[in-house]
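Student: Given only the sequences and the hints, what does the whole structure look like? Please build it.
Just so you know, the protein sequences line up as chains A and B, in that order.
Heads up: the first sequence begins at 1 in this note's numbering, then just goes up one per residue.
Heads up: the second sequence begins at 1 in this note's numbering, then just goes up one per residue.
You may find that some hints are simply not true.
A pair holds if it fits inside one copy or across any two, identical chains being indistinguishable in the list.
[Stated by the list, open to error] Below, a list of computed lysine-lysine pairs in the DSBU-like style, where the Cα atoms sit at most 30 angstroms apart:
1) K176 <-> K163
2) K45 <-> K246
3) K45 <-> K176
4) K104 <-> K246
In case anyone wonders, no lab produced these hints; they're calculated from the structure.
Number of protein chains: 2
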Amino acid sequence: MNFITKLNAAWAANDSLLCVGLDPDIERLPVQFRDAPDGIYQFCKEIIDATAGLACAFKPQIAYFAALAAEGQLERICAYLREAYPHIPLILDSKRGDIGATAKQYAREAYDRYGADAVTVSPYMGSDSVEPYMEWQDRGVIVLCRTSNPGGSDLQFLQVDGKPLYQHVAQLVADKWNANGQCALVVGATFPEEIRAVRDIVGEMPLLIPGIGAQGGDIEATVRAGRTTSGTGMMINSSRAILYAKPQGGEDFAAAARRVAEETRQAINAHR
Amino acid sequence: MNFITKLNAAWAANDSLLCVGLDPDIERLPVQFRDAPDGIYQFCKEIIDATAGLACAFKPQIAYFAALAAEGQLERICAYLREAYPHIPLILDSKRGDIGATAKQYAREAYDRYGADAVTVSPYMGSDSVEPYMEWQDRGVIVLCRTSNPGGSDLQFLQVDGKPLYQHVAQLVADKWNANGQCALVVGATFPEEIRAVRDIVGEMPLLIPGIGAQGGDIEATVRAGRTTSGTGMMINSSRAILYAKPQGGEDFAAAARRVAEETRQAINAHR
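Tutor: Below, the structure written as structure tokens:
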């Protein structure tokens, strides 16, 4: 089953457009996980088990593992996801971008080593920096288009032939890089009008949308701008708001994460 | 000693603008290294020892290590470089680019974990994706500007206000991101006229120039276009042509690497 098919099935099975981001910042983990040798793995495993029924995808952010030399724990997390929840797409968020020979090594990292269904990539180095990923025909390539951070505008909003650069990226991916139907785009929730502009360019192509939760994006505006005719088409990511949800009543961190994930899923579904 | 000072000293000490790239493709290593548990480390160590007197920098490409789950060997290579050749800058080639909170993790990876003097980054996500690196005030940030690969033109050559995008990146780095004097730029040897255009924009800022050797860039044209008034200003990278140099006579791989590195250093110096 290829990435897009798997994603469509996960949207339906869990009635969810919520992508749960796994950004395990060691300083914010519950205290019992901070000093354990596999504390990051154990923490992420509990988050995964608590939210798997509510998510259309899981997205580990590799930077948090790389900073701590914890690639081994990321391998275990990915193996656990593939084994316990094989129907939920696993997206490796690594935003790689390099010349062809090097990109092939990064594709091996994402697809063979971690077994990811899809990987995020940067478009700055152009076509031959993404082509090597396409050799894994059942996997997905999620290209940065309009990012959710303030500095995103520095380049992405520069005007090229009367249109901002990010729209050229969307067009390039829709017209060329998506020839095999393996592509998706990253478009931040902090810019709903721009989600709409991208949706108009790319038709039914899936969008990975970071920026709700801790980054402050508006869920209603995001969903209205990004939904396809079938009311799907989006992986709306929340990381920190779920991972570090404040427990209420007798909740532990995992129950709090589940509650916030469920609230987010419902808030999204209210506007589909 | 900060990155730029260290680089200036290395240019002078070894009379060299040659950067030796460490891209250990397991399939191309001499057979004795392919199956050894630390074969990549041993291979790179021999290349480093053979070329350290001829190089102004070493640049490991992390993708080759990540594909093989060999980050531990990269850590050992970096530790060896810092210990045995502390006067030669260590550049981690990882081309990261992410939102601020994530970029900080990548900065930790490059500077704290691997002890790199500088790291390559992508500009696509803008200012807050590079600012976190600047907190390590003695380190360098090398921003992708005009890359050496064919697809580099897809975005970098788009016209913005009558100038190609890569020149806007050069201007942005020169005017803003380089406020603390920590920046350098990547400009490919495959486009000497564009090296000249970037040099005109950025003054004395160092340029990391890949694309000679296996990628076919012209050394004379590169040096004439990129040199500063002092005849330096460049880290001209060669990876595969040195690592996999064909032995002549009774040479082993390391002697062949040293010979090609010396030839390249001299070919560069002939035009400074």
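Student: None of the hints should be skipped; say for each whether it holds.
Tutor: Quick rundown of the hints versus the structure:
no.	hint	result
1	K176 <-> K163	both (18 angstroms within a copy, 24 angstroms between copies)
2	K45 <-> K246	within (18 angstroms within a copy, 49 angstroms between copies)
3	K45 <-> K176	neither (38 angstroms within a copy, 42 angstroms between copies)
4	K104 <-> K246	between (41 angstroms within a copy, 24 angstroms between copies)
Checked against the numbered hints listed earlier, the structure breaks hint 3 alone; every other hint is satisfied.
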